[in-house]
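Chemist: For the record, the sequence lines run as chains E and F.
Sequential numbering from 1 applies to the first sequence in the numbering used here.
Sequential numbering from 1 applies to the second sequence in the numbering used here.
Don't read these hints as lab results, they were simulated from the structure.
None of these values were measured; they are calculated from a predicted model.
A couple of the hints might just be wrong.
Unchecked claim - Residues of chain F clear of chain E, computed beta-carbon distances all greater than 10 Å:
#1 13
#2 16
#3 66
#4 108
#5 112
#6 117
#7 119
#8 149
#9 151
#10 192
Claimed, not checked - Residues from chain E that face chain F, not an exhaustive set, calculated with beta carbons under 7 Å:
#11 16
#12 18
#13 94
#14 107
#15 130
#16 200
#17 201
#18 204
#19 226
Ideal Cβ positions, reconstructed from N, Cα and C, are used throughout, including at glycine.
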Amino acid sequence: VVPQEVYLNAPIVLTACEVRLPPSGLPVLDEHITGLRERLDDVLPVFRTLSNQQVSVGFGPAGPEPPSVTQQRVLQLTDRAQSLVVQVAPDSLVIKTAAYKGWEAFRPVIGQVLRAARDVLGPDGYLRVGLRYIDEIRLSAGGGNVEDWAGYLNPILLAPDGLRVAAEGLASGGWHVVTRFTANDQHDLVLRYGPGEGHAINPKEPPLPPRIASPGPFFLFDIDSFWETDTEIPEFDPDGISSLCDRLHQPIRALFDYAVTDRLRDEVLRREPT
Amino acid sequence: MTEHVWKTESSRPTGGQLITMETAPTQTRTDLTELREDFASLRDQTRLLHHDTTNGHQRVRRADIDQRAAEHGRRPLPEVLEDISAYGFSWREIARALGVSVPALRKWRLGEPATPKNRTRAGRLLAVCEYLTQNVPIIDDVASWFELPLVPDPAVTPLDLYADDREDLVLDYGEQQEPDPAAVLDRYDPDWRDRRSNFEVIVADDGLPTIQRRP
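The shape of chain E in the complex, shown without the other chains:
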């Protein structure tokens, strides 16, 4: 396997792995927190509990019914830099980092969290596993106009802007494309992309990025590769889920590499971050 190039100035601002669990209705207990802390203390020494509100809205013949609100305890574990966060709720495990150093480095963290979850929480299985990569691609100068991106991004990504030719008198106010690809019955990939301004991810909430980009124009490239079942619920097997993550990860880099040009690689991604 040829190691993939890790860009010095990679545009990735968030990587998340979420394992969605069958909703047991059971809370996160103190003993769960203790057990998870013991097993994850070497990578995630800081913990806090959050009270998460769940709101259910139903529809009756007269329209929306009054929402029912339930409190849900969520455990959040972070590293000392707060760049790696694990969030444990009764129905999901989320591992997210703003300091992604490649799949080879992220995968073992996922495995460790999954093993700890198996030992402590003993989930009955899993309903969905997803890997998400969110990129804020920024140019060293410009980016506020579509023309600025020409030469840096695959023209396919800029195609929606071409519609303004037909919209006489209207200026392009940006776009946000959502495309879904299907690998098989259960593996799908959703790609969201489009120009943005400021930050796509709040850089002041954990996971914190190693450095905060100056707010300005960027191009969002958000890949969500996920497996989902609506029939059989597999056993919660950390090795099996890690292998599944390998498969989910497989198309991600190729998609990104197809989206950007060598010019972006040379002029932006391979440069030392400023």
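Since chain E is already given, all that's left is putting chain F on it; use the hints.
Modeler: For chain F alone, coordinates are given in the frame of chain E:
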């Protein structure tokens, strides 16, 4: 042509709603702030959706009844009145619904001419009866339903609402668009609670109903 059917679950991306961009379609969950925003947005959307669907339904309903009423308006008036009567209405109730006297109704039945306005009103009443009968399965006897009070006291009936030109309330209540009688009466007359009778029926010590002044 490809049919795009996206699973509901898949609309919740991995890790929930991570993106804060305004241009991003609203997505899922994770942090409390995002959750609050999600549900505030969901609440607003459902409210707007409910408002839109209700308005849309009312517009379609009005068009349906307008069309029926126009057709009945072109028919001979005695026939229209007989059709209304066939639903089980008394002539007195029909007169009340149309806002005319019983003798005036009798003249029309005998072929005397009515004003265009009264012909229109008769056609519209028949249209409303048809609409309710055909579209609201729980109303199997529309004439009796028109005479059933919404609440025991004050005994305001759908016929009262209709006679007072509140066809909209009659239809909303009939179709359960507004299933709460008190809410219908609030829209009809916000002071309706003050118009209750000074007397009430209670069960006395001997087990029989009796009337007493309200405390």
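Chemist: Say whether it holds or is violated: residue 117 of chain F keeps its Cβ farther than 10 Å from all Cβ of chain E.
Modeler: With a cut-off of 10 Å, residue 117 of chain F remains clear of chain E, as the shortest Cβ separation is near 35 Å.
Chemist: Against chain E, does residue 149 of chain F hold up as non-interface, every C-beta pair farther apart than 10 Å?
Modeler: Answer for residue 149 of chain F: holds, closest chain E Cβ roughly 21 Å.
Chemist: Please confirm whether residue 16 of chain F is truly not at the interface, meaning its C-beta sits more than 10 Å away from all C-beta atoms of chain E.
Modeler: violated, 7 Å
Chemist: Once the closest CB in chain E is found, is it more than 10 Å from residue 119 of chain F?
Modeler: Residue 119 of chain F is indeed farther than 10 Å from all Cβ atoms of chain E, at 36 Å.
Chemist: Should the label of residue 66 of chain F as a non-interface residue stand, given a Cβ cut-off of 10 Å to chain E?
Modeler: holds, 25 Å
Chemist: Examine each Cβ of chain E, and state whether all of them lie more than 10 Å from the Cβ of residue 108 of chain F.
Modeler: Residue 108 of chain F clear of chain E: closest Cβ-Cβ about 39 Å, beyond 10 Å.
Chemist: Given a cut of 7 Å on the nearest C-beta pair, is the interface hint for residue 18 of chain E held or broken against chain F?
Modeler: holds, 5 Å
Chemist: Checking hints one by one. Is residue 130 of chain E an interface residue toward chain F, by the C-beta closer than 7 Å rule?
Modeler: Holds - the Cβ of residue 130 of chain E comes within 7 Å of chain F, reaching about 3 Å at its closest.
Chemist: Answer holds if the nearest beta-carbon of chain F is closer than 7 Å to that of residue 204 of chain E; otherwise answer violated.
Modeler: violated, 11 Å
Chemist: Double-check residue 226 of chain E for me: the hint is only fine if its C-beta lies closer than 7 Å to a C-beta in chain F.
Modeler: With Cβ-Cβ at 6 Å, under 7 Å, it holds.
Chemist: With chain F as the partner, please determine if residue 107 of chain E meets the hint condition of a C-beta pair closer than 7 Å.
Modeler: At about 15 Å, which exceeds the 7 Å cut-off, the nearest Cβ of chain F leaves the hint on residue 107 of chain E violated.
Chemist: Quick check on residue 94 of chain E please, does its C-beta sit within 7 Å of some C-beta on chain F?
Modeler: holds, 5 Å
The structure is inconsistent with the numbered hints 1, 2, 14, 18, although it conforms to all the rest.
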